[in-house]
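Residue numbers (my numbering), protein chains in the order written: chain R, 1 to 356; chain W, 1001 to 1356; chain P, 2001 to 2356; chain A, 3001 to 3356.
Because the hints were derived from the structure by calculation, they are not lab data.
It is possible that some hints are incorrect.
[What the hints assert, rightly or not] Below are the DSSO-like pairs computed for lysine-lysine, each with C-alpha atoms no more than 30 Å apart in a straight line: (1) A:Lys3143 - P:Lys2070; (2) R:Lys70 - R:Lys202; (3) A:Lys3107 - P:Lys2143; (4) W:Lys1143 - R:Lys70; (5) W:Lys1107 - R:Lys143; (6) R:Lys202 - W:Lys1070; (7) A:Lys3070 - P:Lys2202.
[Unchecked claim] Reference listing, derived: stretches of chain P covered by chain R, where coverage requires no fewer than 3 residues with Cβ under 8 Å from a Cβ of chain R: (8) 2003-2010; (9) 2037-2043; (10) 2230-2242.
All of these numbers come straight from a predicted model, not from anything done at the bench.
Ideal Cβ positions, reconstructed from N, Cα and C, are used throughout, including at glycine.
Protein chains: 4
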Amino acid sequence: MLIVMQPNATRPQIDAVCARISELGGTPRECTVADGLVIAVCGGVEPIGLQRLGRLEGVAQCLPVARSCKLVDRAARPEGTVVTVRGWPIGDGGLALIAGPCAVESKDQIFRVAEFVSECGVRFLRGGAYKPRSSPYAFQGLKEQGLRLLEAVGREFDLRIVTEVKDVQTLSAVAQAADVLQVGARNMQNFALLEAVGRLRKPVLLKRGMGATLNELYMAAEYVLSRGNLEVVLCERGIRTFETATRYTLDLSAVVLMKHDTHLPVVADPSHAVGIAWAVPPLVRAAVVAGADGVMVEVHPDPSRALSDGQQALTFDEFASLARDVRSLADWRARPADPRVAPGADHRCPEALAAR
Amino acid sequence: MLIVMQPNATRPQIDAVCARISELGGTPRECTVADGLVIAVCGGVEPIGLQRLGRLEGVAQCLPVARSCKLVDRAARPEGTVVTVRGWPIGDGGLALIAGPCAVESKDQIFRVAEFVSECGVRFLRGGAYKPRSSPYAFQGLKEQGLRLLEAVGREFDLRIVTEVKDVQTLSAVAQAADVLQVGARNMQNFALLEAVGRLRKPVLLKRGMGATLNELYMAAEYVLSRGNLEVVLCERGIRTFETATRYTLDLSAVVLMKHDTHLPVVADPSHAVGIAWAVPPLVRAAVVAGADGVMVEVHPDPSRALSDGQQALTFDEFASLARDVRSLADWRARPADPRVAPGADHRCPEALAAR
Amino acid sequence: MLIVMQPNATRPQIDAVCARISELGGTPRECTVADGLVIAVCGGVEPIGLQRLGRLEGVAQCLPVARSCKLVDRAARPEGTVVTVRGWPIGDGGLALIAGPCAVESKDQIFRVAEFVSECGVRFLRGGAYKPRSSPYAFQGLKEQGLRLLEAVGREFDLRIVTEVKDVQTLSAVAQAADVLQVGARNMQNFALLEAVGRLRKPVLLKRGMGATLNELYMAAEYVLSRGNLEVVLCERGIRTFETATRYTLDLSAVVLMKHDTHLPVVADPSHAVGIAWAVPPLVRAAVVAGADGVMVEVHPDPSRALSDGQQALTFDEFASLARDVRSLADWRARPADPRVAPGADHRCPEALAAR
Amino acid sequence: MLIVMQPNATRPQIDAVCARISELGGTPRECTVADGLVIAVCGGVEPIGLQRLGRLEGVAQCLPVARSCKLVDRAARPEGTVVTVRGWPIGDGGLALIAGPCAVESKDQIFRVAEFVSECGVRFLRGGAYKPRSSPYAFQGLKEQGLRLLEAVGREFDLRIVTEVKDVQTLSAVAQAADVLQVGARNMQNFALLEAVGRLRKPVLLKRGMGATLNELYMAAEYVLSRGNLEVVLCERGIRTFETATRYTLDLSAVVLMKHDTHLPVVADPSHAVGIAWAVPPLVRAAVVAGADGVMVEVHPDPSRALSDGQQALTFDEFASLARDVRSLADWRARPADPRVAPGADHRCPEALAAR
């Protein structure tokens, strides 16, 4: 933590800040930098809470120096975490394709989707049984019955079930049917739920809130890890911006940063982000080459009759074509590294050198 | 609901949309407007869910015509709702000043604040016992002990207690101590919690999520009202924008729109929005004359030692001065209407006319 | 400037950063703070451009410590700047009411508005002759003819003319007719225009861009001041956010911060921000008590027939009533300070003490 | 245009709206839809400007039905526009790689970059001679001298020059050196500049403003096309959002929508958007498979010594590796369509069918 003083801060004000740092167990060190005076907080003091020193007179800013999410930080596990879901990995360098309808609507619907996506090579089926909906009057899911259907199709087609848990009350029921517990964007800072899934030993797919910074997402994941559940997958699903042509704005740079900042696997959900079916395939392809460990795609036998989010669901034809693209790009991504690219190489483009 | 067709939509596509509307129980009516073809959906069909018609070929957009939150809509109670909290009203045209620390930290702290604000004429004490915090390592509140302290100061100083309920698990404990249950911004779409407070008969202060549109806030309130609890107060507390000079961006136009769109009382919380103590008083004053039914202000005996949000808490001196301003502006607001301003009056400025 | 090193930065990496700082003329000083290593850049090096040190290995962040807009900074003129427009001040503690139509549409229209607002006590008339419009097909203003009309009404009713300059080409023409040159939000970073108005000696009203941070606005003003024109008025007119219920989001906290951070007068334009006529008056009132030195309000004899922005223009009746409110609140704001509020006073609410 | 009436609108209010529509030359048609009354505006009336009908009593909303940018709309040229720059196409299905430094800094620097990128197969060199900078104190480019250097390297290495034009004053000088005139994000709504480049017959690369919606970008392009210059390339370069971990937020869904909504070629500029060198390559790859016609990448011989934007520039090694990826993905994208994917095909995944 660094305390930046105002340009006109007085000596007694500076001394008061130093005294307070000492009182909290730290050691203050003054640095006259080119554009002002900074007091560095050295020693064993906890950075959280130093923000309030901003209320002392003469203080301009309190700048944290490091992230406070120690468990999710890449440094905690530089080699990266692989979350294995009944034998199928997420985060091992391959690409996990998670597909299915927004909501389980009927036995016929979920069986048709499950059969189709499984034939396309998909191993992870998504589908909501408990649906959190903005309106109290919208379809809220088939609930218990939806969970039973998910269990059935999971068995029938050897699929791993990714389904949302809406609240602590229904957690144990959902956890029984789910292979991966999805915590939705609206629940990203539902701390009771985060702590509860943190006490389980089951993979969690944690979606970024639509108004949440990456740092807040990391902190939310830290809640889960700090309770002992280390199998967390992060998910970018679009953020709120001023642009209204799309439902949300898919932030693919977030995929790149999450991979860099944390050791957790990262999944992208372009369907919810863009909210327009024809725009989903190019964004799924983009997520793959941006480095996502997995992509979530909504598929429905008849999107124009879907009970929720039909506008963004792909038809079977559209999905089959996309699944081939995804596989092909995952292969591209996994191609052996080019031996000609070595650090410290001559600053000529290799092709050009080869041509000489 | 209006279905806007693409400029090049074909007759079979148009017919297919009309057929689907009929299938859903509505009556389609085609209108060739100046800039394209629109199909109006008439009759008794439920607007929710028509969005998926966007997946039919030739459809450009599905435009909802009305809000779907019938219970919170101003039309449901044009005269407005007054929420009365053990004798003290919010929404009656007066100004409810809600003040206190971010969190209850100790008996001494909460008693000092309660005594002081009560002497300043405050009737509503805010203070968190259960604190939802972004970081799992930050101070999470005194919990049960905090509730006991709130009950004690409430009795001692005849204050109404406004305190946050973080989750369904602790709801009954919090509801016993609270006069007003605060649902925080991060929980605005925690639907299990909304339904649970909806089943109680106790006032709820519902904060807008930092990434939530007004329409989503109205829907969240609709969850509470639709469960039978009509005593909801809406609260603007700042939204996420690109500006980083303030913690959030206080959206005072939201206060004006909430009063217009709904019949519920509206409160503003500039402390959390701006996150800088010296910027709080002018924004509190602004909220009063913008028409808020109440304002929330954080006060602490020693902000630079507060366990949370010290950077935005006012000292006692700062608060006393602000409380006087608030009273004075509330009086200004309640002054008798100027009899010279009559609808349809001559288009001259009254003063000017009087001067002639 | 502070260079924050990555937690695992090596000694050679740290040395390389220090060497580079020395090479640029600064003195590096290492500080081991509680959560990492920081290198403070001391001495006479220019902070701008140190950002690129982020490309050296082992560097996590480059944190600027101070604002680089020296001329607009409050510290450059702690007592504040008063911009005087042919005898009428903006920034002297009073309230400048700037009113008029979005665009000059006809002689009849502008004379009717000018006469009316002048009778309401207004001294500053706004009105566009050159209108920058998002669409090339929208009404672009009466141009030269509009300027002539503005000059005529200015003389007739002794009004100061605030009108927008769209580009360098028309600057000299506009400058002849205008008392205050408005630089619009879309031109906030049109640096050629900023430099050109900076070379004139005529007040400039500089609007914040809808996607611009406060710091960028300050830098834009710095362009004008650094060319020698010190008479700049800053204007908040709403920013782009995810909320679509209003046209833009009026950021009144920006008014408070601009007054704090700079010495320039600050004006708010709620009409353009909210874009809904009935929401304008409460937000104008709010801006006054938040500390704005002036407010801009759109008025039109018949808003539903306005050639631009009719949806947000007030009728004459609405404006007359608002003008009274503004005067009344400006008086409230200018009331003598309460002698009972003294720094370091006893921590009791004065009213309460008086009552004992 | 559709006029949505308030639920409680009276008959005289409805009649007044209809009368006004007739007065403007349109034909009103009333539709009682499921959730309210809508008046469709039929016939030859101009949609722009109907917004002001919102000021008539009883009106809830004025909804435009179609975009008003007729020239850039995909419908105007369904097959798409190919912009050919001295023999090299953008928008023909291939991938245009535009690379170079942020600014031209010296003869040595620009020659080294030009030689290197040209050896990597690049045909479009970017580099600024006139640099619009937020701060008046930052490096503003080599200006005239920079243009001379760009001409020289263009000739030497047979590169097409993409360089920014900052204002109308320097347009003719820049146009002489440039093969493609870049209009920067801050100038996207500098209408004088748009009109001026619209009168030339030289390709224009128009960057989206950081606070601009897609619709506003289309309107800005419409300004250029409506002056007769049809060779416009649109460019996504990141938008302002609440996320601060990246400089801007790259909106790749915008690339997909621009291709869908307009017939113009689309380029993405991940360097400026993300502002972090290591995050650039994955986002460039993503842009390619999302369907961009080109990508812009900043390259510098020594980024940590760059005079502007060094933090986001790639080194030569990094760029060479990325250029190979781009070529490889462009080939992937151009692979022949899979003959097995036919519309109306059996709803089985082709691979699965083949396997039976």
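Against the structure, the hints come out as follows:
Between A:Lys3143 and P:Lys2070 the CA atoms are separated by roughly 26 Å; this keeps the pair inside 30 Å, and the hint holds. Taking the CA atoms of R:Lys70 and R:Lys202, the gap is about 21 Å. The hint holds against a cut of 30 Å. The suggested pairing of A:Lys3107 with P:Lys2143 is violated, with an alpha-carbon distance near 45 Å, which exceeds 30 Å. A distance of roughly 26 Å separates the Cα atoms of W:Lys1143 and R:Lys70; the hinted pair therefore holds under the 30 Å criterion.
Note on W:Lys1107 and R:Lys143: the hinted pairing is violated, with a Cα-Cα distance of about 45 Å set against a maximum of 30 Å. For the proposed pair R:Lys202 and W:Lys1070, the alpha carbon gap of about 40 Å is over 30 Å, so the pair is violated. Between A:Lys3070 and P:Lys2202 the CA atoms are separated by roughly 40 Å; this puts the pair beyond 30 Å, and the hint is violated. Check on the stretch 2003-2010 of chain P: 3 of its residues sit with their Cβ under 8 Å from a Cβ of chain R, so the three-residue criterion for coverage holds.
Evaluation of the coverage hint for the stretch 2037-2043 of chain P: fulfilled, as 5 residues show C-beta separations to chain R shorter than 8 Å, against a requirement of three. Look at the stretch 2230-2242 of chain P against chain R: 3 of its residues bring a Cβ nearer than 8 Å to a Cβ of that chain, three or more, so the hint holds.
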